[in-house]
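A.B. asks: Residues per chain, in single letters:
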Amino acid sequence: MTALLTVDNLSVRIGAVEAVRGISFAIERGETLALVGESGSGKSMTALALMGLLPRGARMQADRIAMASGAAPATVRGDRAAMIFQEPMTALNPVYTIGDQLMAVWRRHKGPAGARERALQLLDRVAVPDPVGRMEQYPHQMSGGQRQRVLIAMALMCGPDILIADEPTTALDVTTQLRLLDLLAELQADLGLGMLFISHDLGAVARVGHRVAVMKDGAVVEQGETRRLLSAPSHPYTRRLIESLPKPGEPRTITEPPLLAARDLRRSYRSGALFQRRVLEALKGVSLIVRRGETLGIVGESGCGKSTLSRILIGLDDADGGQVTFDGSPVETMVPRERARRIQPVFQDPAGSLNPSWTVARILDLPLRLHTALSRTERRARIESLLRDVGLPSRAANARPRALSGGQRQRVAIARALAAEPELLVCDEPTSALDVSVQAQILELLKRLREERGLSMVFVSHDLAVVEALCDRVVIMDAGTIVEEGPADRVFVAPQHPRTKALKAAILGIDASGASVTAAE
Amino acid sequence: MTGFLLRRLALALFVLVTISVITFVLSHVAVDPALGVAGDSATDEDIAAIRAQYGFDRPYLVQYAAYIGNVLSGDFGRSYLSGEPVIGLVAERVPATALLAFLSIVFALALSVPLGVLAALHPNSLLDRLALSLAVFGQAIPNFWAGLLLILVFGLNLGWLPISGSSSLAHFVLPSITLGTFAMPALMRLVRAGMIEVLDADYIRTARAMGLKERTVLWKYALRNAVLPVVSLTAVQFGFMLGGSIVVESIFAIQGIGYLAWQSMSRADMPVIQAIVLLVSMAYIVLTLAADLLNAALDPRLRRAS
Numbered sequence: 000m001t002a003l004l005t006v007d008n009l010s011v012r013i014g015a016v017e018a019v020r021g022i023s024f025a026i027e028r029g030e031t032l033a034l035v036g037e038s039g040s041g042k043s044m045t046a047l048a049l050m051g052l053l054p055r056g057a058r059m060q061a062d063r064i065a066m067a068s069g070a071a072p073a074t075v076r077g078d079r080a081a082m083i084f085q086e087p088m089t090a091l092n093p094v095y096t097i098g099d100q101l102m103a104v105w106r107r108h109k110g111p112a113g114a115r116e117r118a119l120q121l122l123d124r125v126a127v128p129d130p131v132g133r134m135e136q137y138p139h140q141m142s143g144g145q146r147q148r149v150l151i152a153m154a155l156m157c158g159p160d161i162l163i164a165d166e167p168t169t170a171l172d173v174t175t176q177l178r179l180l181d182l183l184a185e186l187q188a189d190l191g192l193g194m195l196f197i198s199h200d201l202g203a204v205a206r207v208g209h210r211v212a213v214m215k216d217g218a219v220v221e222q223g224e225t226r227r228l229l230s231a232p233s234h235p236y237t238r239r240l241i242e243s244l245p246k247p248g249e250p251r252t253i254t255e256p257p258l259l260a261a262r263d264l265r266r267s268y269r270s271g272a273l274f275q276r277r278v279l280e281a282l283k284g285v286s287l288i289v290r291r292g293e294t295l296g297i298v299g300e301s302g303c304g305k306s307t308l309s310r311i312l313i314g315l316d317d318a319d320g321g322q323v324t325f326d327g328s329p330v331e332t333m334v335p336r337e338r339a340r341r342i343q344p345v346f347q348d349p350a351g352s353l354n355p356s357w358t359v360a361r362i363l364d365l366p367l368r369l370h371t372a373l374s375r376t377e378r379r380a381r382i383e384s385l386l387r388d389v390g391l392p393s394r395a396a397n398a399r400p401r402a403l404s405g406g407q408r409q410r411v412a413i414a415r416a417l418a419a420e421p422e423l424l425v426c427d428e429p430t431s432a433l434d435v436s437v438q439a440q441i442l443e444l445l446k447r448l449r450e451e452r453g454l455s456m457v458f459v460s461h462d463l464a465v466v467e468a469l470c471d472r473v474v475i476m477d478a479g480t481i482v483e484e485g486p487a488d489r490v491f492v493a494p495q496h497p498r499t500k501a502l503k504a505a506i507l508g509i510d511a512s513g514a515s516v517t518a519a520e
Numbered sequence: 000m001t002g003f004l005l006r007r008l009a010l011a012l013f014v015l016v017t018i019s020v021i022t023f024v025l026s027h028v029a030v031d032p033a034l035g036v037a038g039d040s041a042t043d044e045d046i047a048a049i050r051a052q053y054g055f056d057r058p059y060l061v062q063y064a065a066y067i068g069n070v071l072s073g074d075f076g077r078s079y080l081s082g083e084p085v086i087g088l089v090a091e092r093v094p095a096t097a098l099l100a101f102l103s104i105v106f107a108l109a110l111s112v113p114l115g116v117l118a119a120l121h122p123n124s125l126l127d128r129l130a131l132s133l134a135v136f137g138q139a140i141p142n143f144w145a146g147l148l149l150i151l152v153f154g155l156n157l158g159w160l161p162i163s164g165s166s167s168l169a170h171f172v173l174p175s176i177t178l179g180t181f182a183m184p185a186l187m188r189l190v191r192a193g194m195i196e197v198l199d200a201d202y203i204r205t206a207r208a209m210g211l212k213e214r215t216v217l218w219k220y221a222l223r224n225a226v227l228p229v230v231s232l233t234a235v236q237f238g239f240m241l242g243g244s245i246v247v248e249s250i251f252a253i254q255g256i257g258y259l260a261w262q263s264m265s266r267a268d269m270p271v272i273q274a275i276v277l278l279v280s281m282a283y284i285v286l287t288l289a290a291d292l293l294n295a296a297l298d299p300r301l302r303r304a305s
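These protein sequence lines are chains A and B, in that order. Numbering of the first sequence is given in numbering that gives the first Met the number 0, commencing with residue 0 and proceeding in unit increments. Numbering of the second sequence is given in numbering that gives the first Met the number 0, commencing with residue 0 and proceeding in unit increments.
Bear in mind the hints are in silico, worked out from the structure with no lab data behind them. Some hints here could point you the wrong way.
[Unchecked claim] Dumping the calculated DSSO-like pairs for lysine-lysine here, alpha-carbon to alpha-carbon at most 27 Å:
hint : chain 1 : residue 1 : chain 2 : residue 2
1    : A       : Lys-283   : A       : Lys-500
2    : A       : Lys-109   : B       : Lys-212
3    : A       : Lys-246   : A       : Lys-215
4    : A       : Lys-500   : A       : Lys-215
5    : A       : Lys-246   : A       : Lys-446
6    : A       : Lys-446   : B       : Lys-212
Values in this document were obtained by computation on a predicted structure and should not be read as measured data.
Turn these sequences into a full structure, and let the hints guide you.
C.D. replies: So this is what it looks like as structure tokens:
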């Protein structure tokens with residue numbers, strides 16, 4: 000029996016860069032092949048090449064790319080071969096209804112009759128509530144998870160043989176991610192689809208993949224049955240990936256006096272037009288303390304208020320009610336510059352939070368000039384030592400952010416935060432935009448720095464596993480309130496609140512046999 | 000939606016009142032309107048008599064109230080020059096200018112949308128550069144020169160089209176091209192920029208991944224997202240044209256608003272100028288409102304407030 004999809008010796012070049020280097024694989028009916036790798040490994044380029052969707056300037060070459068019928072998937076896309084993408088928020092056309100967009104696919108490939116019935120049937124199949132009502136809605140009226148369900152329905156409209164899913168759950172909250180992964184796996188099995196599942200997340204791969212191909216620098220370094228490959232990886236790169244998964248840390252019990260205390264913080268935002276004001280309560284009375292030298296984790300899903308809270312702690316936003324005290328005095332009595340020196344932020348996206356036209360040296364020089372009285376030579380020496388502290392070579396001083404990798408940029412952002420010698424670091428999702436192996440390095444770096452400098456830290460994240468690896472104490476937020484707090488090990492081992500339990504249950508892990516596990520299983 | 004309309008109407012009223020105050024101040028306070036009515040040869044007694052007859056000696060507030068009252072009942076006063084009612088003078092000029100503006104905008108859109116889309120499809124290609132050159136050319140050539148050139152080629156040498164007057168639709172072809180050429184470049188660049196951005200969007204990739212025809216992707220999925228700013232700019236340019244083009248109307252001898260405005264301004268015929276200013280302001284208000292409503296119809300996200 001010929002495979003549903005056969006790929007022989009596929010290469011993709013973008014300019015002088017060889018993005019994909021002669022990879023080969025096959026997918027059988029009813030089988031999911033997971034393509035796993037870090038950013039830049041060529042996994043997305045592989046998918047785009049199969050579908051004939053490569054960006055301008057990319058050249059592909061292959062001995063054979065064929066489905067069982069002999070056709071190339073690019074010639075039957077939307078019909079026999081379908082693809083879904085990472086960004087559900089932007090992947091649907093904002094100016095047409097869900098129904099119009101679903102039916103357009105059917106009409107294009109199957110003719111005018113039966114489009115509406117098929118769309119309704121599939122919306123129901125992907126468990127979108129109220130399919131009839133949803134048909135008339137626009138994408139902006141739906142959540143990210145709902146939109147990804149619609150995209151899955153759209154991909155399945157014509158009953159394809161092959162489904163390519165490129166990081167379909169990466170942009171979603173962890174609990175939504177788990178539900179969608181299970182939906183995809185169920186649909187794949189029920190419909191006998193051949194699925195190419197692309198992900199950087201080993202936990203997700205273990206959950207849905209029958210076989211795994213590990214990509215690095217455009218080549219497949221290892222390929223095999225999922226459990227075997229994850230339990231006994233033969234390639235060192237695969238081993239490194241598995242070792243990079245965050246592991247529970249050793250929370251310390253810190254009894255120092257509080258450095259930062261927030262009491263009954265409230266913040267609401269108004270939205271909507273005149274006469275139709277809606278008030279969104281982002282924080283409904285949040286109290287917490289951070290002891291000197293302690294790392295506090297703040298965990299919750301998007302919209303829970305954790306980013307608003309961190310913005311208030313940094314001083315980028317003001318609370319409507321409640322009070323923040325730092326080192327015993329209310330923050331509003333502090334001189335803003337003094338407050339900025341003692342509390343420094345590290346943001347999620349280092350590409351966006353570093354001035355692209357400045358060199359690293361200039362980026363690091365600014366806080367030194369603002370907050371210290373050092374001379375020019377002294378500042379230069381300090382920049383050298385800061386770079387050394389965050390594990391960057393001194394020649395990085397002359398580079399601009401664009402020339403650095405994501406992990407290096409985040410190191411620069413951390414060095415910038417440390418330049419003023421703050422007492423508290425407020426990190427908002429500092430590793431969410433990074434690859435797992437880089438994430439592991441940044442977490443190690445933060446651990447080392449807090450030991451060396453006695454730093455206190457607030458670590459905001461949606462990812463319970465990352466928080467578990469780093470934090471001493473955690474608070475769990477939901478809908479603007481803190482629903483649970485306690486020592487990190489206690490909260491993770493014995494969560495009390497349903498919200499915490501749900502978050503915990505959504506962490507995807509791998510057990511010793513290479514099988515997918517969640518904490519609930 | 001009603002709330003939106005009510006707010007827009009309130010804003011429109013505010014703009015109109017402000018403009019009427021400004022024109023009133025310019026015509027009654029900054030200069031002595033009696034001088035304009037009396038003409039150059041009038042004696043001091045004549046001027047005093049006119050001042051009393053027209054009520055120019057009353058307090059400004061009373062004069063303004065009287066003026067607004069008249070305007071609301073459709074009476075814009077009489078031209079100082081011809082003595083005819085202003086409303087009639089202006090009304091007989093509106094059709095020619097409106098037709099010219101409409102045809103010019105249609106011409107500009109008919110050229111700028113396809114060119115902008117094609118340029119966006121192949122950015123930095125030969126086609127894109129040609130379109131850009133055309134745009135620079137259109138923007139750089141002065142109206143009077145482009146108009147004269149068209150008259151020379153299509154009117155005099157080839158004899159295809161009439162070159163003077165406004166008695167038939169054919170008379171409007173060359174003036175519309177002249178005026179439209181000037182409006183086209185900005186629209187084309189906006190279509191191009193919008194399409195380049197939209198074609199890079201995730202939802203366009205989705206549409207292609209679903210195998211939709213490239214024609215559908217371009218003209219249905221992409222263009223509707225890209226034209227939103229174009230709609231707004233078109234409204235502004237249309238309003239600008241409704242103010243009349245003095246140059247184009249002069250060259251082609253079209254008896255339009257622009258020509259009338261120029262005549263009135265050169266002779267300080269204040270009532271006519273006031274009427275034209277109010278008319279053009281109103282046209283702007285109506286057009287921008289129409290553009291906003293059209294955009295709301297095109298993009299459901301803008302309807303969210305309703």
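A.B. asks: Honestly, which of those hints from before does the structure not fit?
C.D. replies: 4 and 6
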